[in-house]
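Peer 1: Whenever a hint applies, use it, and build me the whole structure from the sequences.
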Amino acid sequence: MELRTSIYVIATVFILYAGLMLVIGGITYRKTAGISDFFLGGRNLNPWVGALSAQASDMSGWLLMGLPGLAYVSTGGMAEAFWTALGLLIGTLLNWIIIARRFRRYTEIAGDSITLPDYFANRFHSNKSTLRMIAALFILIFFILYTAAQFNAGAKLFTVVFPGLSYQGALMIGSIIIIGYTFLGGFLAVCWTDFIQGILMFVALILVPVFAFRSMDTAQLGSFVNEFSALIPGKGSDSVGVLAVVSAIAWGLGYFGMPHILTRFMGMKSSKEIKPATVIAMVWVTFSLAAGVLVGWLGRYVMPGINAVDSEKIFMGMSDRFFPPIIVGILLTAILAAIMSSADSMLLVASSAFSKDLYKNNIRKAAGEKELMWASRITVLAVALIAIVLASDEESTVFSLVSYAWAGFGSAFGPAILLSLYWKRMTGKGALAGVVSGGLVSLFWTYKATGLFGIPWLLKFEFMQGGLYDIYALVPGFAISLICIIVFSLLDKKPSAEIEKEFDLAASRELLSSERG
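First residue of the sequence shown? That's 162 in our numbering, and the numbers climb one at a time after it.
Hints may contain errors.
[What the hints assert, rightly or not] Simulated crosslink set (SDA-like; lysine to any residue; CA at most 25 Å straight-line): (1) K662 - G272; (2) K655 - W584; (3) K662 - L651; (4) K436 - W584.
[To be verified] Computed Cβ-Cβ distance ranges for the label pairs, DEER-style: (5) V550 - D631: 44 to 50 Å; (6) V184 - E556: 31 to 37 Å; (7) F372 - D631: 35 to 41 Å; (8) I360 - L551: 28 to 34 Å.
None of these hints come from the bench; they were simulated from the model.
None of these values were measured; they are calculated from a predicted model.
Backbone N, C-alpha and C fix where the C-beta goes; we use that ideal spot for every residue, glycine too.
Peer 2: Here it is in structure tokens:
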């Protein structure tokens with residue numbers, strides 16, 4: 162797919178935007194005094210920054226490339242995209258209502274936890290490092306996959322904008338920009354850039370389908386309306402199956418275990434800020450998901466004939482078709498914003514998992530805050546390099562890479578977070594069993610036909626195909642993790658009185674001392 166708009170116009174907008182992000186990184190670098198600032202910004206996010214940062218980092222390049230691309234490829238793809246978006250919408254709402262407030266309080270009560278593994282260790286008063294270490298390892302594994310998806314999306318964007326640029330060259334340019342400001346500013350840089358990126362993504366997503374509708378004739382609009390019947394399982398030859406709908410909606414379960422979203426809850430100024438942040442987040446995500454599906458759906462009418470490989474570039478093509486050059490530059494920058502808003506968050510959380518939960522607790526316990534900050538920055542570089550290697554396969558899709566990582570996080574951490582906040586009887590052994598079982602089942606289910614991580618001789622079960630075996634990995638992973646947590650917790654001794662007291666305090670509506678101020 163080639164664009165009509167001058168690459169010089171788009172390049173100018175890209176350069177100005179990337180420069181702004183690096184300036185924010187430089188400004189926040191001077192405000193990052195300690196490890197808490199680097200990872201959580203001193204718990205000082207307001208509702209607007211917290212909400213838009215959470216949603217922008219959540220949706221990633223997937224929202225402007227993966228989801229529209231899926232909706233474009235076929236009627237079945239459109240139905241899958243619709244049900245996936247609905248599942249994500251429900252999951253987002255439940256995450257803000259059920260998890261956000263209590264998790265923000267509990268992380269402060271439980272030893273002022275600043276990372277997810279930190280929270281698990283403090284929540285269950287686990288003196289051993291096993292739970293913390295296993296949680297950190299799964300974060301590293303799945304975030305490398307997730308970051309690779311963003312780098313893949315960035316490379317595809319740059320190859321369309323700059324036709325003479327190779328995929329590998331584009332991959333390096335996009336990666337360097339993201340690494341730059343994350344390396345410098347940490348959490349504050351990530352959240353403020355995500356705030357700007359969230360606004361840009363929202364405006365871009367609303368504009369494109371509006372202009373697409375305006376360009377369609379009566380016959381096209383009639384065909385578009387008739388396709389709604391395909392959304393109903395079993396209705397018509399092109400309709401989606403029940404199992405596909407269950408798998409799509411199950412994406413919503415993943416929210417309970419997404420570290421890069423959970424850290425936004427941890428970073429809010431107080432639990433009082435959660436309610437207004439919820440309203441802001443839900444307005445953003447409702448319109449954005451609907452628009453993302455519409456871009457791909459309408460694209461089949463206004464720009465037919467794009468092959469499956471290029472389908473994830475439909476937003477770019479429609480932007481180029483409907484708008485003048487300078488607006489095209491801004492709209493394509495929204496894709497860059499979406500990619501950057503997720504990749505930076507993932508790099509930051511992965512670096513915290515290594516430096517705080519592995520390096521500090523297992524390698525160098527005497528490490529001071531300055532050393533940990535530099536260990537974190539070096540980890541950003543290391544994780545990024547591995548992700549670049551994984552993203553070097555031009556044939557991989559953003560949607561598939563994100564789906565693997567999403568299932569992994571949702572399975573490993575979703576049930577553990579949910580029950581740790583609402584079940585007083587849960588124990589550290591139960592949490593460990595849930596994290597391990599959920600993470601491993603997700604990995605196995607994803608790679609059962611090719612071997613774990615694509616290694617042919619490692620846990621390969623080709624016969625597990627078709628029927629129930631085709632269900633999304635998050636479903637069996639989440640269910641088995643939930644069962645393991647309950648069984649292993651009940652087999653373990655009852656939590657101490659101190660742990661139960663902390664649980665009751667987190668569950669109460671009484672304001673903490675930090676929130677009264």
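Peer 1: So, for every hint listed, does it hold in this structure?
Peer 2: Hint by hint, here is what the structure shows:
no.	hint	verdict
1	K662 - G272	holds (13 Å)
2	K655 - W584	holds (12 Å)
3	K662 - L651	holds (19 Å)
4	K436 - W584	holds (23 Å)
5	V550 - D631: 44 to 50 Å	violated (29 Å)
6	V184 - E556: 31 to 37 Å	holds (36 Å)
7	F372 - D631: 35 to 41 Å	holds (37 Å)
8	I360 - L551: 28 to 34 Å	holds (30 Å)
Taken one by one, the earlier hints fail for this structure only at number 5.
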